[in-house]
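Letter by letter, the chains look like this.
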Amino acid sequence: MTSPVLERADRAPLTTDELAARIARDIPAGSYVNLGIGQPTRIAEHLPPDAGVVLHTENGMLGMGPAATGDEIDLDLTNAGKVPVTELPGAAYFHHADSFAMMRGGHLDVCVLGAFQVSRHGDLANWHTGEPDAIPAVGGAMDLAVGARQVLVMMKLFTRDGAPKLVPACTYPLTGPRCVHRVYTDHGVFAVGPDGVRVLETYGISVAALRERLDVELTG
Amino acid sequence: MTSPVLERADRAPLTTDELAARIARDIPAGSYVNLGIGQPTRIAEHLPPDAGVVLHTENGMLGMGPAATGDEIDLDLTNAGKVPVTELPGAAYFHHADSFAMMRGGHLDVCVLGAFQVSRHGDLANWHTGEPDAIPAVGGAMDLAVGARQVLVMMKLFTRDGAPKLVPACTYPLTGPRCVHRVYTDHGVFAVGPDGVRVLETYGISVAALRERLDVELTG
Amino acid sequence: MTTTIAATTDEAVAGIEDGSTVLVGGFGLAGMPFDLIDALIRQGAGDLTIVSNNAGNGDVGLAALLKAGRVRKVICSFPRQSDSYVFDALYRAGRVELEVVPQGTLAERMRAAGAGIGAFYSPVGAGTPLAEGKETREIDGRVHVLEFPVKGDVALISAHRADTMGNLVYRKTARNFGPVMATAATTVIAQVTDIVPAGGIDPEAVVTPGIFVDRLVRAEARRLTVEGAR
Amino acid sequence: MTTTIAATTDEAVAGIEDGSTVLVGGFGLAGMPFDLIDALIRQGAGDLTIVSNNAGNGDVGLAALLKAGRVRKVICSFPRQSDSYVFDALYRAGRVELEVVPQGTLAERMRAAGAGIGAFYSPVGAGTPLAEGKETREIDGRVHVLEFPVKGDVALISAHRADTMGNLVYRKTARNFGPVMATAATTVIAQVTDIVPAGGIDPEAVVTPGIFVDRLVRAEARRLTVEGAR
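Residue numbers (my numbering), protein chains in the order written: chain F, 1 to 220; chain C, 1 to 220; chain H, 1 to 230; chain V, 1 to 230.
Only chain F is shown next, with the shape it has when bound in the complex:
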């Protein structure tokens, strides 16, 4: 039994803030969550303060608060994007080996990552464009991809050139095979995995039109 698709072709695609808010709604109260560098960090602004979500940053902290401003700025306290942040009551610090043990050991409930491409089976490509002269830099991307119990991707569904980023198979180098559970995009929300892609919601486009523009079979 699958729930019916929420089809919202009548409205505009989600803005980045709307998308962040949409993802925030799916994060269960009391979860331990890692929000990847870039757009996913904006999800924090949409988490209800009483939800008790605890943010992890892989450079060694649980209980991370919002970005620091003014006198709060302390360069010994940054997030994984090296942006100064704050500390909430009940925070804890730990070293890098412990922090990544926590991730790799499956203790985080959710992580949300950006992506260049996601395959219909949940392969993730988000660390390398494959361009021969690019300087490779992986950071914690591969660790995050295998670590959390639920790996969510936040991305635009199409590149600037209109090419889909939800693909039959990634053409960019992989970050991790079959690790993504859900893909949240401006045009729709998708479950991915062994059974392929199921559309859950669309925004500013119909399921029929999505079928035209994506090169993957859509169920749901």
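Treat the hints as calculated values from the structure; they're not laboratory data. Wrong hints could be hidden among the right ones.
Claimed, not checked - In silico EDC-like cross-links for lysine to aspartate or glutamate, where the CA-CA straight-line distance does not exceed 20 Å: (1) V:Lys73 x V:Asp59; (2) V:Lys151 x H:Asp140; (3) V:Lys151 x H:Glu138; (4) H:Lys73 x H:Glu97; (5) H:Lys151 x V:Glu138; (6) H:Lys151 x V:Asp140; (7) V:Lys134 x H:Asp140; (8) V:Lys67 x V:Asp38; (9) H:Lys134 x V:Asp59; (10) C:Lys156 x C:Asp50; (11) F:Lys156 x F:Glu217; (12) V:Lys151 x C:Asp133; (13) H:Lys151 x H:Asp202; (14) H:Lys151 x F:Asp109; (15) V:Lys73 x F:Asp133; (16) V:Lys134 x H:Glu138; (17) C:Lys165 x C:Asp195; (18) H:Lys73 x C:Asp133; (19) H:Lys134 x V:Glu138; (20) C:Lys165 x C:Asp109; (21) V:Lys151 x V:Asp47.
Fair warning: this is a prediction, and the values are worked out from it, not measured in the lab.
Model the placement of chains C, H and V on the given structure of chain F, informed by the hints.
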């Protein structure tokens, strides 16, 4: 070039306290040391207070002080033999995985262990008598045997029945192969290793008499 | 998910199933979660595999659980102690299985379970009877034994103080196996003498972050005799 | 052996040899041992392999060491940053080698070096280009990659406070790689803002026990700009 044997056939074999004092003399100032359960713990009493030797106990502490007495007794603070001990200034506590990582990683300068048998190549047997109805119990013996940079054994040279405990090959189950560097006994001090056994000192027996009673070739 | 605070130790151990693997903290009596073990005895789960450094002292704690006949197997480093007579009798009667693991390997195998390490090579035990039947590999001229994770369904641990987020600090050498067991079980239950509000523990001094702790319960510190500690 | 306290950073880095592998703490600028790196530049050792999370920011710290031409190879997780222009230029000119390692694997490989683990199987990187040429093994239905220790001849780290025994505590997320690097090098050199007498640090709160620290040196805390921290 080897130093001459210190042959003291004219005196009695070393008492346990004399043996502990003899070993203490060979522990360099400033060393990090683990003293095994039983007789080796008595070496601590013979370390000069100004030598700056730091004692490790594998149940999670550096900077262990002497046994606790009277009101000092705190059952949350024991050594590996589960005897209440004290804490010195500059101590540190850590958990078991970190404690054994420290040992296995080769960070301890010296450990001193008791033994049932040591082979001429430095094989150690100190955890199991091999009796079929004995309940096996290894504790941290195998970790200590491979961990420290210098593994010293403190034991009597002969069993109550007069059988040598420094042997061509251990007949008891091994704790670790080729891990012992020196053997300190009531009757003498021996270096063991790939080149076999070298006598360094004798007490209450001559080298010639030792050659008679031991089944291993003695050099030095 | 969020750490919950149980009103009683009985509530804290609810739902532990027959056949579970239970990691039990403590080194001898230091750090032993006595109140949780007593509650587990009342709760009734049996056919348990117990992972702990020792196999019980006197008639309390693990020894009481063994005596109640709830334990199928013990995985530990050092069962034989001066007062391990309950275990000794059960073992000699063939009523409990025993797997002896070097102490540091036991800790590291649990750490591996908690840290998502599939297996690791350790030099400890190579060339001894405890490595018989295990894969070995020579690395940098030294024989290493391949060791696999030990994961618990449940961990019962004792800490000193918690905050309401589940962050834990310990006391002296009672820390021992608690922090590593807290990472290595599906459900982690901690007894503590004190629960303070979030912010009541220095974030720099937290030993076990709350992410690892599922259930907390307050329990009075016990006065144990010195004899009992041996 | 006993931790020694150096009077100057120059004294602290004395004896580092050409061709050494040097572990350098820090995540971006937080926890970066700037004063020790400056002293290493003055000291003159070259042909170095640097293990660090990043490959330098702006013109300071690691970037300055790279600029001085002392680095043969960088092992890191994330060289490419908005202000990593020194590394970028050297790399594109073929004047520095690069080995990219996933961040957690980098930390765990150093932990293995410090913990006497010969090798370990990790699921991270399996099925990606970074696992090419590495041994793999399926464990519990999941492909794992065999990873070997990364050991340093020297580690340069920055901590907050030390006592005269060499025990260290850190500040907030500047802790990052310091504690694991302190376990993984033959000679560990720490710069700290403060050295207190033995007993001046709570034994429960020590993060790096003094056994891991060979040399300590006092260095003033730096005021860095926010821009510099990106």
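Structure-based check of each hint:
1. V:Lys73 x V:Asp59: 18 Å, holds
2. V:Lys151 x H:Asp140: Distance of about 13 Å is within 20 Å: holds.
3. V:Lys151 x H:Glu138: 18 Å, holds
4. H:Lys73 x H:Glu97: 4 Å, holds
5. H:Lys151 x V:Glu138: 18 Å, holds
6. H:Lys151 x V:Asp140: It holds: about 13 Å lies between the C-alpha atoms, which stays within 20 Å.
7. V:Lys134 x H:Asp140: 17 Å, holds
8. V:Lys67 x V:Asp38: 12 Å, holds
9. H:Lys134 x V:Asp59: 51 Å, violated
10. C:Lys156 x C:Asp50: This hinted pair is violated, its Cα atoms lying about 29 Å apart.
11. F:Lys156 x F:Glu217: 19 Å, holds
12. V:Lys151 x C:Asp133: 44 Å, violated
13. H:Lys151 x H:Asp202: 29 Å, violated
14. H:Lys151 x F:Asp109: With a Cα-Cα distance of about 19 Å, the restraint between Lys151 of chain H and Asp109 of chain F holds, given a limit of 20 Å.
15. V:Lys73 x F:Asp133: Measuring from Cα to Cα gives roughly 18 Å; hence the hint holds.
16. V:Lys134 x H:Glu138: 17 Å, holds
17. C:Lys165 x C:Asp195: 18 Å, holds
18. H:Lys73 x C:Asp133: Roughly 18 Å separates the two Cα atoms, so the pair holds.
19. H:Lys134 x V:Glu138: Measuring from Cα to Cα gives roughly 17 Å; hence the hint holds.
20. C:Lys165 x C:Asp109: 25 Å, violated
21. V:Lys151 x V:Asp47: 17 Å, holds
Checked against the numbered hints above, the structure violates hints 9, 10, 12, 13 and 20; every other hint is satisfied.
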